[in-house]
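Trainee: Here is how the chains run, residue by residue.
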Amino acid sequence: MSLLGEDIVTEDGEFVINIGPQHPSTHGVLHLKVWLDGETIKRIQPHLGYIHRSIEKMSESLSYRNFIYATSRMDYLSAHINNQACALCVEKGLQVEVPDRAKAIRILMAELTRLSSHQLWWGCTGLDLGAVTPFFYAFRERESIMAIMEETCGARLTQNYCVPGGVMYDIHPNFRSRVKDTLKQIRSKFTEYEEILTGNVIFEQRTKGVGYISAEDAISFGCTGPTARGSGVSCDIRKLYPYDGYEKLQFKEILEQGGDCYARYMVRMAEMKQSVFIIEQLIDNIPEGEFQAKTKMVLKLPKGEFYQRVETARGELGVYIVSDGAASPYRIKYRSPNFSNLSALEKMATGTKIGDLVAIMSTIDLVIPDVDR
Amino acid sequence: MKLILDISFSSFATGIHEWLVGAIHSEGLVKVIEMVIAGLALLVFLVPLCFFLGYMERKVAAFMQVRLGPNRVGPKGSLQIVADTVKLLFKEGLTPNASDKFLFNLAPVIVVVTSMLVMAPIAFAKNFQIWDISIGVLYVSSISSIAVIGILMAGWSSNNKYSLLGAMRSGAQIVSYELSVGLSLISIVILAGSLRMSDIVMSQENGWWIFKGHIPVLISFVIFLIASTAEINRAPFDLAEAEQELTAGFHTEYSGMKFAMFLLAEYINLFVVSAIAATLFLGGWMPFHIGHWHTFNFVMDYIPSSIWFLGKTFAIIFIIMQFRWTFPRLRVDQLLTLEWKYLLPISMVNVILVTVMAIMGWHF
Amino acid sequence: MTPEEIKLSVSELFPNATYDETGEFLNVLTDSKDLKPMMIALRSKKEFDFDYLFCLTCIDWKTHLTMVYHMLSKSNNHTIVIKAKIADINKPEIETVCDIWETANFHEREVFDLFGVKFLNHPDLRRIFLDDEWDGFPLRKNYVDENMIEI
Amino acid sequence: MKEYFGTIFRSVRSLLKGMKLTGYYFTHPKEIQTEEYPDNRATLTMFDRFKGEVTMPHDENNEHRCTGCQACEIACPNGTIKIITKQELQPDGKKKKAIDTFVYHLELCTMCNLCVVACPSDAIVMGQSFEHSVYDKKQLKKVLNLPGSKIMEGVE
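Protein chains in written order, with my numbering: chain A, 20 to 392; chain B, 764 to 1127; chain C, 991 to 1141; chain D, 229 to 384.
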């Protein structure tokens, strides 16, 4: 009957399904063409570009002050870190010394962003594996971080708080007490996270040994962030190429050797605790002083090339600015972490089941606007 | 109060019967009319029941997820589900062009009808049973397995790849979990010595099987809970729907009233499974009695039997709902591993234990 | 290795390459034809061992295109930038490196999509973001789109 | 065999742990986080830095602080702001540039705050309102200076 028609099964007997662009677990508009054998995945082909907004082309016509806001829309869950990367790259070109206070504020905000991003990821991982409840617990804590963001930066997601030379305005007077309250709340909830998801036997079975990628492959595919650290590849930019004063802080680079979904999960869980640790070190030691360095009205980078990389919640973000001495970049390239991480998806998911594909996608923690840019 | 209720069910039915016999002098016609009345009564009971279960599920989920749940329509949001049903009724029931239209429309009917049929031998209260068939337990387990045909039919006829995958999963799942459900039911049948539902309830007059039957019955109760959760396709075994993997599984293509029928069937199944668990393991409508505490037992007797039955049923429904809102979903191969590697061997050994216990008379 | 040492070793192997050390990293400038053997050497030779290609992009200089490869060695912890000049802007072609680094697969498809550089021997060279029917290469400087709004 | 039962035991324990947690929240309705948004509209206050929309405050004499210098227009990455200036005759006979209309396209605005930062005379601030949805896109095009308003005394 129609089932044997060419719509469902291709000529050589392959069963092809399109997961996405509108699908509950693709976290946006990712479109995967999946070749199946029963439930087992034989091949995956990602189709990208559903939300390609040509941020790189746009930035070529914007001034060095103006292009930063657009990067909030790339990896919208680590918007602040994206802005920070651009600001750092412009500062590198201008050779501006950023005041210590601004650096500390930037790190605090970046770690809060990382924390909120990981919390959202944790909730979504539960959701993807069929446990709906963790999502709400994660959002409860995330909400208090969002309140901090809103109070100091004026926006919850796309803050646009970093400007070349520092931050846009000083922290809010309530900032310290609010951060401390939030950290206390988050610290007390880590055990809940472990009870409902980490220790759960179904969850362990769904993630352990699923979506394996070796360290060599992870490097070759250009995986970064928790995706690579789950395979034991040391790639934390905060440690290897410190920026904004990360070298003065004490924190551990989390490495897991498993290379599977569970290892990636554990890396992120431990990173949340490390972020809390970093914020605790800084919150009482924010240096006094200016929050922004004096810069010219119109910024002009000297002729040359500038590359700045930062560690976002998902991996290494590279900002590559080619300047011809004008007031706007000649060419700008964002090396986004998700784009490279996504390319490893086929390697991880071939030979697994559809249910595993969902688990793998959620532990890579894809943000599709960052892939498409 | 209790006496009035209990007597009323049987005397009401007898009254109607006698009035019908008096009015119509044909035995066969009276039977048909009585059947129609029973069927209508069941429908009238089922629709509010499903509304309530839908409301309960939303509220239970909401409270577990630190949120309020529906609170707009009606007092405390209690009419939300009615509003949703009305919306589904008015929606266009789409039939995909490439689907097998006859099977596509037949599937939801089969699913709903089978789940309603299973209601027949359940004793809702003392003397209140639609059909006290002598092979009650066998009837329940055989009829409930027809539902898989409806699901397979829905998945196949939709001509959608997701639906097909969901239906195939469901087929494998229901067929294998049927075994564990059957075996755990058999352990009670062995103890009670009868397949008739009313006999099983009466055998628990001096204590429910879950207390009388020591650990083996407890084990078969747990196995029954797990396996029947899988059989009615509820999370963590909702692989046939698996929203995050297959969007909506076997009912991806359904909309409007036909979709509502699947929803209706899901809630009726939930109720039926819990009712059977309550009847077999927790004594059905039988009040809670403790040995020779006559005063206590007397007080317990004053609670109407229907309250006892519904209370037990809803307690089990709550547990099944809590499963859904706590656990992640299993993968399809792990689902089968759970059944064939754990539940089935354990319940087989368990049946032997129960048999030994029944023969030796070790139970109370 | 320090940039000077890398420079020495590279110039031993590839005498045609020129260097630019004004920026943050050591830039090795080469021609598109010499790229592939150089990349193979940089990846496979133990003293280089550039196993991590962290950025791959292209720059349109209006007269020619330049492919830019940022590479890092995880074991030796040194960085290098290779710039390959593609002289023919109307029909740009270069050898693929995605058999050396898997990550180049997607990045080269992106460059093909937005700059129109044809990567020879690439296993799956299709447009990655835009439609297959898309006309032109948006990140080229001479690209005009009638739908573009000038602000 | 020991491993087999150990697995069962551990699994059941881990599952019960999860059920304990959800059970805890079920029985503690005080933990509920829901904000009943449209109902709490009267008491809802946004943070003072909240970036809702660009507004131009006017004092009681219907005077604003905008000199029409167009710094915000240049600073805006999206072309959200269009300032139309006019030449105003001063009492001393000199002509002075002043704003005629300050056009603000809310539909293009990304609330990046760059215009507010760029403004040398603090004429524009970010407003607190966030309920921007309208039925017609045209309604999103706003004129920020009130009719008949003029520049405040002393603002250069």
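It should be emphasised that the hints constitute simulated quantities derived from the structure, not laboratory data. The reader is advised that the hints may include incorrect statements.
Using 25 angstroms as the maximum straight-line C-alpha spacing, the simulated DMTMM-like pairs for lysine to aspartate or glutamate come out as follows [unchecked claim]:
(1) B:K839 <-> D:D328
(2) A:K258 <-> C:D1122
(3) A:K52 <-> B:D1096
(4) A:K322 <-> C:D1089
(5) C:K1064 <-> A:E79
(6) A:K52 <-> C:D1122
(7) C:K1052 <-> A:D200
(8) A:K111 <-> C:E994
(9) D:K248 <-> D:E259
(10) A:K227 <-> B:D962
(11) D:K310 <-> D:E264
(12) A:K315 <-> C:E1014
Under 7 angstroms between C-beta atoms, here's a sample of chain D residues computed to sit facing chain B [what the hints assert, rightly or not]:
(13) S242
(14) L244
(15) G246
(16) T250
(17) Y253
(18) F254
(19) I311
(20) Q315
For every residue, glycine included, the Cβ atom is placed at its ideal position computed from N, Cα and C.
Trainee: Tell me the numbers of any earlier hints that the structure contravenes, in ascending order.
Mentor: Going through the list in order, the structure violates hints 1, 2, 4, 5, 7, 10, 11, 13, 14, 19 and 20 and respects the others.
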